[in-house]
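Since the structure of chain F is provided, determine the placement of chain H on it from the hints.
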Amino acid sequence: MLETSVETYWEAYSFLMHEAEVLDERHEREWLEMVTDDVEYLMPVRVNRERGEGDGFSEEAFYFEETRGSLELRVRRIETEYAWAEDPPSRTRHFVTNVRVAPGEKEDEVAVRSNLLLYRTRGSAPGHDIISAERKDILRKEEGQWKLRKRVILLDHHLLETHNLSVFL
Amino acid sequence: MIEQPTQGTYEILQDARQTLEEEGKLLAKVYNEPSIFELEAKKIFSKTWIFLAHESEIPWPGDYVLRRIINDSFIVTRDEDGEIHVLFNMCKHRGMQLCRSDAGNASHFRCPYHGYTFSNTGKLQGVPFEKEAYGPEGLDKDEYSMTAAPKMEIYKGLIFASLNPDVPPLEEYIGDMGWYLDFYLEKSPAGLEVIGAPQRWIMPADWKLAAENFIGDGYHTQSTHMSTIKAGIMRVKSPAYLKEGVQITASKHGCLFMGFPPGNYFNYPQSIVDSMLENLNEEQVEVLKENSIMPLNATVFPNLSFLHSSMAIEAEGQSIPYFTLRIWQPIGAGKMEIWSWCLVEQDAPEEFKKNSNRAFLTTFGASGTLEQDDAENWSGQTRVGAGEMAAQHYLNYSAGSAHVEPIPEDEWPGPGTAYPKNYVDFAQRHFWQTYFHFLLDGYNGS
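Same order as they appear, the protein sequences are chains F and H. For the first sequence, our numbering begins at 787 and goes up steadily by one. For the second sequence, our numbering begins at -8 and goes up steadily by one.
Next up, chain F with everything else stripped away, as it sits in the complex (with noise of 0.2 Å):
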């Protein structure tokens, strides 16, 4: 059951679709210009807890906790030629599934759920590493334009079995 107009969700789809694509094909500066100035960017660390516990993420402990500042210091980085983590690049597929829209707090805000897959290979060497998360997004709209304003990845994991995170998920 729809909880936004069709169009508004196929809008949210269809920017999720288009961040993927984007990130993939390894466009950093372009998913930045898809982020809001005041955009929160979350990956908390999560912990192995007893079931009545909660779900063990951290308030405090991330690996990532962003502005577009930080943010922007990441991408610069990679735009050097000094990014030896990513170069040769990782080979990503975003894999987005499970989309859910629901209005948001303000009127030109959705609230917005999905699951993603991160599937990447690296170097010449064998094996692959794979992330599983649980996406919460708020995207905002600004000048008729859907943008990132919050995202906060919920792992699947509780310990990273990837050497490194140096892709934005």
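It should be emphasised that the hints constitute simulated quantities derived from the structure, not laboratory data. Predicted, not measured: the structure shown is a model, and the values here were computed from it. The beta carbon of each residue, even a glycine, is placed where N, CA and C say it ideally should be. Just to be clear, a hint being listed does not mean it is correct.
Said to hold, decoys possible - In silico lysine to aspartate or glutamate, DMTMM-like type, Cα no more than 25 Å apart, as pairs:
hint, chain 1, residue 1, chain 2, residue 2
1, H, Lys221, F, Glu858
2, H, Lys221, F, Glu819
3, H, Lys147, H, Asp338
What the hints assert, rightly or not - Short derived list, chain F residues pointing at chain H, Cβ under 8 Å:
hint, residue
4, His804
5, Ser844
6, Trp870
7, Leu946
As the list claims (entries may be wrong) - Some, not all, of what chain F presents toward chain H, calculated at C-beta under 7 Å:
hint, residue
8, Ser856
9, Glu858
10, Ala869
Same frame as chain F, but now just chain H:
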């Protein structure tokens, strides 16, 4: 894999040690070799002190965290009287893993298998159907209480354990390195607190590569971390900013000092600067004030490292200082799990705590813009270290040997040995000498 019928792992290590001592070269094979990993588990990780947790991770009675030494799981608990225990996480009845959550608060641990119940001091408290199963006298509860780690000691908030009951006291083991660790641990009388929980991630890289990098590799920053200088994360004028400094070997450990503009103190808030100048001793303050240097990175042998730095979190932003503690936990030859904590002075301003953690995240940890590239190096070294060529390939650890002498004792206020440059390999060689010392301990060469 090294498999030569006439030459065992010990002989290879013996030769490697000799070549390091005599020529300042290291056999690349020691970076990644299964038979050497087996020895490391027995002769290093089962023999000496291993860091498990920071006291502030379990501040309240009943708090616990789960930690490991190689394959041995331990529950680090704080009991109802505030005492800390390190308990082997195995029920003495049928060997089931007692605690299966990584952190929490519990007065008791109940085994899921048959229901034996232990207090958070490790004492066996309850046995279901005790008389039916064990007769009218019941079970000897002391005999079947949880086993504590053979040794547990705390050094300035750092909780260590050892599987070796005869290990020397922790303070003696830290030894002269304590003078240098104070810069990380003693900046405020209020002590440090861990921000949240540690980041954990798996890296296909050997633990020793990270440990030797952190003990004193100032040389790599101008190449490995160039991107962060260009991007304005590391706010320095020249890529060679770490050329000048002081490298230290102290006890079995070592560290590297980094300079700061006089009076800047890594850009710490004034309240922390005041407390550090108050809380550290006269000689330590002399180093801060006169030399304008502070320890940047350090390793306490074998796998506990420290990093103290100051980096920007916004474009064109100011540097913000932070402190991260990490362990390089081996999970096999050429593979480790990294645990990385960010700590901050308990009495620091709240906003500073948040920004300090963000400065850490921007630069270190799994997503850190510096550590990303360290990961690329360490996993690459490990990958090419796996082959047959590495068994006959010797690596250069000679920087400084030709032209750098230690600072005379009367010109350096700290203990251990201080070298007046940073592009040197004295601390790294010290790491490997210590490593061979442990691995070959008890081996008589015959």
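(request) Hints the structure violates: just list their numbers, smallest first. (result) 4
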